[in-house]
Structure formats: C-alpha cells, structure tokens
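Quick note: the sequence shown uses the numbering used here, first residue 37, plus one each step.
The hints are simulated quantities; they were obtained by calculation from the structure and are not laboratory data.
Glycine included, each C-beta is placed from N, C-alpha and C at the ideal position.
Just to be clear, a hint being listed does not mean it is correct.
Stated by the list, open to error - Derived Cβ-Cβ restraints for the label pairs, each shown as a range:
1) G39 to P79: 33 to 39 Å
2) L43 to H100: 36 to 42 Å
3) E71 to H147: 25 to 31 Å
4) G152 to A74: 22 to 28 Å
5) A158 to A49: 41 to 47 Å
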Amino acid sequence: MAGVPALPDTFFAAIPKVDIHCHLYGTIRERTFQELAAATGAPITPEEIAAFYIRGEKPKGVLHAFRFLEQHVLGRPEFLHRLTYECLEDMARENVRHAELFWNSTGTLHHHPAMGFAAAQAAITAAMAEAETNLGILAR
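With the hints as constraints, model all of the structure from the sequences given.
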C-alpha cells in the first residue's frame with residue numbers, strides 16, 4: 037500500500053502469538069528425528085530423514101513422516117516428552133505464548149500398545165508443565 041511504512045521484522049517477532057491445532061509430530065527437529073530413529077533401530081537412513089525436511093516440487097509427504105514416527109520411532113514416553121518440550125522450546129523462541137497441540141494417540145498406541153495411553157499422555161503433559169515453568173509458554 038502506497039504511503040504505508042513497512043514494519044520491521046523485529047516488530048512482528050515481538051508480538052505475542054497463539055498457535056492453534058499444531059500437529060506435534062510435524063514439529064520434530066531433524067536432529068531429534070535422527071537421534072530417536074537411531075535409538076530405536078528404525079529402518080530409515082539419515083538421507084531419508086533429511087528428505088522429509090526438503091521443500092520443493094516433490095517433497096516427501098508429511099503423512100508419510102507422521103506414519104513412520106508412529107510406527108517406528110515414538111514408542112517410548114521419554115521420546116514423546118522430548119518431542120513436546122522441544123516443540124514448545126521452538127515456539128517460545130518465536131514468542132508463542134499459548135499453544136494447542138494435537139497428537140494421534142490412536143496411531144501411536146496401535147503400534148506401541150505396551151506404552152499405554154496414560155504413560156504417553158503423562159509424558160506429553162509433563163513436558164507442557166516444564167515448558168510453562170521454564171519457558172513461559174502455556175500448552176494444552
């Protein structure tokens with residue numbers, strides 16, 4: 037718009053934000069994906085993981101990544117805790133003050149029934165509580 041001055045990026049960075057319906061599995065850091073896949077012996081190479089993070093004409097489908105995480109990687113409560121805390125850490129860095137996270141318990145527990153819903157949920161909510169205390173971000 038003519039005559040309207042552009043606002044600096046610092047202005048937008050400083051605005052408190054809300055993130056609604058964020059798919060938790062879609063926030064996994066590439067390094068975390070690599071480390072957790074290695075810890076579980078998941079059948080995937082570092083190059084295949086890296087392909088999930090490439091944008092372009094033919095990006096690897098996000099649902100493919102979600103399903104792989106459900107089936108092979110996120111079968112331990114401590115992994116869900118790490119994923120959740122890191123997600124909120126990244127959001128807090130962007131000045132998100134409230135986050136609504138979504139995770140597919142059905143898919144994860146189908147592949148890892150021994151973990152149980154209560155343990156998985158407890159890991160996620162513990163990470164949320166820690167992030168609220170340590171980072172000032174409220175998550176549900």
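Subject >> Hint check for H147 and E71 - Cβ pair distance inside 25 to 31 Å >> reply: 19 Å, violated
Subject >> Beta-carbon spacing of G39 to P79 - inside the hinted bounds 33 to 39 Å or not >> reply: Cβ of G39 to Cβ of P79: about 58 Å, so the range 33 to 39 Å is violated.
Subject >> Outcome of range test on Cβ distance (G152, A74; 22 to 28 Å) >> reply: 25 Å, holds
**OP:** Could you check the hint for me, namely that L43 and H100 are 36 to 42 Å apart, CB to CB?
**Re:** 38 Å, holds
**OP:** Take the C-beta atom of A158 and the C-beta atom of A49, compute their distance, and say whether it sits inside 41 to 47 Å.
**Re:** Hint violated: Cβ distance 34 Å, outside 41 to 47 Å.
This entry does not satisfy hints 1, 3, 5, going by the numbered hints stated previously.
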